[in-house]
Amino acid sequence: MTSIFLTGLQYLGCILIFPGFLFCFFCGLLLTGIDRKLVARMQKRVGPPILQPFYDFFKLLGKETIVPAAASRTTFLLAPLVGLAALVVIQLFIPIYGFSAFSGMADIIVILYLLLIPALAAILGAAASGSPYAGVGLSREMVTIISCELPLVLVLLAVAKVVGNALGTGLCFSMTEIARYQVENGSLITKLSMIPAAVAFAMVIPGETGSHPFDTAEAETEICEGMHAEYSGAPLAVFKLSHAVKILTLTSLFVALFFGGIGTGIIAVDGVIVFALCVIATALFISFVHAVTARLKIEQVFKYYWTAVSGLALVSLVLAWYGL
Amino acid sequence: MNFTNMMDYHHFPIYAVMVLFLGAFVTMVCGTRPSKNPNNPAGLRAWIALCATGVSLLLLVLLIKPVMLGGETIAYWMGSRGIAGGYAIGIALEVDALSLFFALLIATAVFVSAIYSIRYMVHDDCVPQYYVLYCLLAGGVLGLVLSGDIFNMFVMVEILTFAAVALTAFRTRVYGALEAAFKYLVVGCMGSSAILTGVILLYAQYHTLNLAQLASLIPGSMNNATKLAFAFLYIGFSTKAFIVPFHPLAADAHGAAPASISVLISGVLTKSGIYGIIRLTWFLFQTMELGAMQFMLVFIGSVSMFVCVTMALAQHDFKRLLAYHSISQIGYVLTAVGLSTALGVSAGLYHAMNHTLFKGLLFLAAGAVLHETGTTDLGKLGGLSKKMPHTTVLFLIGAFSISGVPPFNGFASKWLIYQAAYQRAVETNNIGFLAAAVVALVTSTLTLASFVKVTQSVFFGQLPPEYENVKEVPFGMRLAMGILAVLCVLTGIFPNTVMSVLTEPAARAVASVGEYIMAMGFKATVPTPEVSFAHVGVWTPVNWLLILCIALLALTVAALAGRYDQVSASQGENVETKYQLFYGGEQNVYSQVGGGDLFWGFKHNWRHYFDFMHDLHSGVVNDYALWAVVALALAIMYMMIAL
Amino acid sequence: MFKKLIEESTAKSPWLFHINSGSCNGCDIELVAVLTPRYDVERLGFKLAGSPRQADIVVVTGPVTKQSLNRVLSAISQVPEPRCIVTMGSCPQSGNVFKGSYSVCAPLSQYVHVDVDIAGCAPKPEAIIDGLAKATEILKEKRGRM
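The listed protein sequences derive, respectively, from chains A, B and C.
Here my numbering runs 3 ahead of the position in the first sequence, where the first position is 1.
Here my numbering runs 1 ahead of the position in the second sequence, where the first position is 1.
So in my numbering, spot 43 of the third sequence is number 29, and the numbers just go up one at a time.
If you are wondering where the hints come from, they were derived from the structure by calculation, not from laboratory data.
Ideal placement from N, C-alpha and C gives every residue a C-beta, glycine not left out.
Mixed in with the good hints, there may be bad ones.
What the hints assert, rightly or not - From the structure, some residues in chain A lie toward chain B, with a derived Cβ separation under 7 Å:
hint, residue
1, Ile18
2, Thr68
3, Val70
4, Pro71
5, Val91
6, Val92
7, Tyr116
8, Ser134
9, Pro135
10, Val139
11, Val146
12, Val156
13, Phe176
14, Glu302
15, Phe305
Said to hold, decoys possible - What follows is a list of derived Cβ distance ranges for each label pair:
hint, chain 1, residue 1, chain 2, residue 2, range
16, A, Gly171, B, Leu635, 40 to 48 Å
17, B, Ala436, A, Gly189, 29 to 37 Å
18, A, Leu25, B, Val175, 53 to 61 Å
19, A, Leu287, C, Ala113, 34 to 42 Å
20, B, Ser533, A, Ala279, 43 to 51 Å
Work out the full structure, taking the sequences as your base and the hints as a guide.
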């Protein structure tokens, strides 16, 4: 009886503290802060303090929340919460070195589909606001999702094949197995066929998180923040937090898939190492790209992902197919 | 014959079929005068139809225990005339797990649609005749899947085709209804004739019409005439399943028919086509070990999947869009069946079941919108979520299910299909199966995009001024949708139960042809193989849902503690500028972003493809008849060369 | 403590929404100038918001022409509380050289409570930063009173 209670408490701790809400909250916002600081430094500016996203978040909590008369109130208010909860749950499934909070509950295909839920929640919230700006924004967001899906699918299939080959099972979808394999045999990035896959995944990160130059869905200068045009106060704060957590989720997924072999076995140290790797990934794939590019048009986004990035992913899949 | 003897479950299949035909007859006897009740113009006849479908469903549910769990194959000879001189001379019903699986789907869809019809059909003329045709259609499809001989399959195909054509044309006032029915009639009759020709060719050679006996005779002695018969039968059942190249018919027929009939055409008729194809390829000709056959089914399935989802993206009518998605989902089923593994068949059947549930739900939601607003044009609707909240929630459940959003049922089955396809690709080292897996994954996202379009265009966004007085649909219609929505959620959350009770017995039945033949009393040469449903993926929806609920609960508690719900919202009729939408400071006017062209960023890159597709689908029945002939010619050529 | 945290954050994260009410573009260019590397107002947490729903500070430039008056007022009304209204340049305060024209409705303070006036035609970037910093203090005070 006591052991069941303790296990329950442990799982609850996982959900609420590490690697659940509290971890996501701090690390996600910290990542965004670092990103903003880095972009500013690359543009020769002083930039906001690293804690700026925390200030933004708490300020938004203190603001009035206005629900427009044309909006569907329940969907409008519920959508941000569902999106955030879904993101935190995905974070629970991503292993940190050898450790995963809930092992054997989901595989990479499931994670691919779970990643749709936060985007879908944002889309539904935008649709429920009734604003035409949000309508344009959600259309662009959906096209961005379609764009990113093909390269992501190819990358994940390649990973499944490579790990499956190495383990002798032919195929391996389980996230836990992939992590364990890397702990025992070194990171996947050391395989030849995984290098294009890693590059392709890295190129997908800014698209999935909606950062420059793929932020067409929230283009504040042309469509008034797009999907979030009517959001204010606490719901907006939750959306901003979701955006931050999404950066954490995608970068830590990247780290777990391609750099999973780096760690010590002590959870606290591994957490720090993974977070450091996430910071490097953010700096390279989000901040640097942000600082040097201008926003693309939506049809250019689509074309870019379905030609250049998918091509890279396909190369990796073909290499994996022939056992390299 | 005493009562206990009559209640023996071996009689249940024939009862289930007969009660529907009896229902049609009794409804007819009731005459054609409409009843005085404005809420139910069909009066007693509606209740007769409801009872008939309900009894039929009940009888089939009672068969789950012996057939699905007990593994028995019920062979039933009408009038006890069985085998004489080594040849089957009587009319037979043979119910194995596969037949029962499809019969259960059909009976469920028919029953739910009957509940829905009562309130849905109030605005129509000639409603009494509607129920006659309705029962005929239901009986025809059920008879088709339970039948044990191929000529009766043809007879049932005829019954269901004519009932479906008449029901497609039922709303003669609707623009295009007669035209759609005519197209369906022309191509449908070509399909039926093809089936008849195939049956004749087989009978001429083997002197029997019994499925089991044919299955025991054909495989060893394939000659050109049998291959010709196979091609004819395959094309015949393809027209019933509306797979490529017969998909344009589906769009017309679904668009014009009443929603309660669209449910049957999409959820039931297409299933009968798929059932026919499975019976042909796995049982009658036993060709599924051949690479050529696997290639054909997977190729046609993948093409159907992708072509129809892109066609759906280009639609601007709610029901036509759903129609194209039907064929796209049937493409998934065909691909999975074509993989020719136990897991593949099981996943395909699972998806077939899910398709019946969620597509039924979506068509009923479209019907609800049509019932209240009088249109299904995506460009004219918007913002209905404020007027029809329940319909919106039910629609969203259906939309999430079809787009494969976890944890709804579409995800569970699609996920198995991806696994099956990829596993098969790795086992055989065949890039073709890998391509099918990738197409399936991408199609799923395009499906989501398409339903985001519907959600934004119909239920969210802004309410057009002319729909200010729209009300929620009556309870009867919501009840029908609710049943399907609950089933969608349950089959998504408990995939293992569904698989072990329904799809795995059915898939096992597909693999064990020998038992099917022997149950009828014929000699089988095929050994029953060991089947394994092992797959490498992991997905535990219950646990995931539990974690999500805890997370959401924690978040909600935190949000409520922070007074998240204390929002400032407008009071009263005259909306202050504060609560108006931000239009750059302008006065609010009706401005809805939606309709057919929502995803132009995607379509722009594919414009040549869409132009090509647009020119190809001319809408002229002559063209579609020509497609059917060409498809038949190609099928004959392929069968002759490849088998 | 939580209230204090929110108050402090409000002062440190003011988001701007910029309305041009018929300005000659001089002030608008100066407002963009304070975002450039030389002045970089983002180090104080300032950010340009795309929609009034997300803004804390509304910056109005231009002499409030008759055409734009209702639009300016409705956009301002859509900013959630606590909000702070800043006029920038001489035009919205007095009408500047357009004063007396049949089509100009300045000063803006006749129609809505203005918190900070940044004078100048156009004001220097240093003056703008100073004015905005004052606005953040008012914002914090307003949040404290909520």
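Outcome of the hint check:
1. Ile18: 6 Å, holds
2. Thr68: 4 Å, holds
3. Val70: 4 Å, holds
4. Pro71: Cβ of Pro71 (chain A) sits 5 Å from chain B, so the hint holds.
5. Val91: 5 Å, holds
6. Val92: 5 Å, holds
7. Tyr116: 5 Å, holds
8. Ser134: 5 Å, holds
9. Pro135: 5 Å, holds
10. Val139: With a minimum Cβ separation of about 6 Å from chain B (threshold 7 Å), the hint on Val139 (chain A) holds.
11. Val146: With a closest approach of 4 Å, the Val146 (chain A) hint holds.
12. Val156: At about 5 Å, which falls below the 7 Å cut-off, the nearest Cβ of chain B leaves the hint on Val156 (chain A) intact, so it holds.
13. Phe176: 5 Å, holds
14. Glu302: 4 Å, holds
15. Phe305: Status holds, d = 5 Å.
16. A:Gly171 - B:Leu635: 40 to 48 Å: For Gly171 (chain A) and Leu635 (chain B) the Cβ distance comes to about 42 Å; the hint holds.
17. B:Ala436 - A:Gly189: 29 to 37 Å: 31 Å, holds
18. A:Leu25 - B:Val175: 53 to 61 Å: At 58 Å between Cβs, range holds.
19. A:Leu287 - C:Ala113: 34 to 42 Å: Given range 34 to 42 Å: holds, Cβ gap about 39 Å.
20. B:Ser533 - A:Ala279: 43 to 51 Å: Hint holds: Cβ distance 44 Å, inside 43 to 51 Å.
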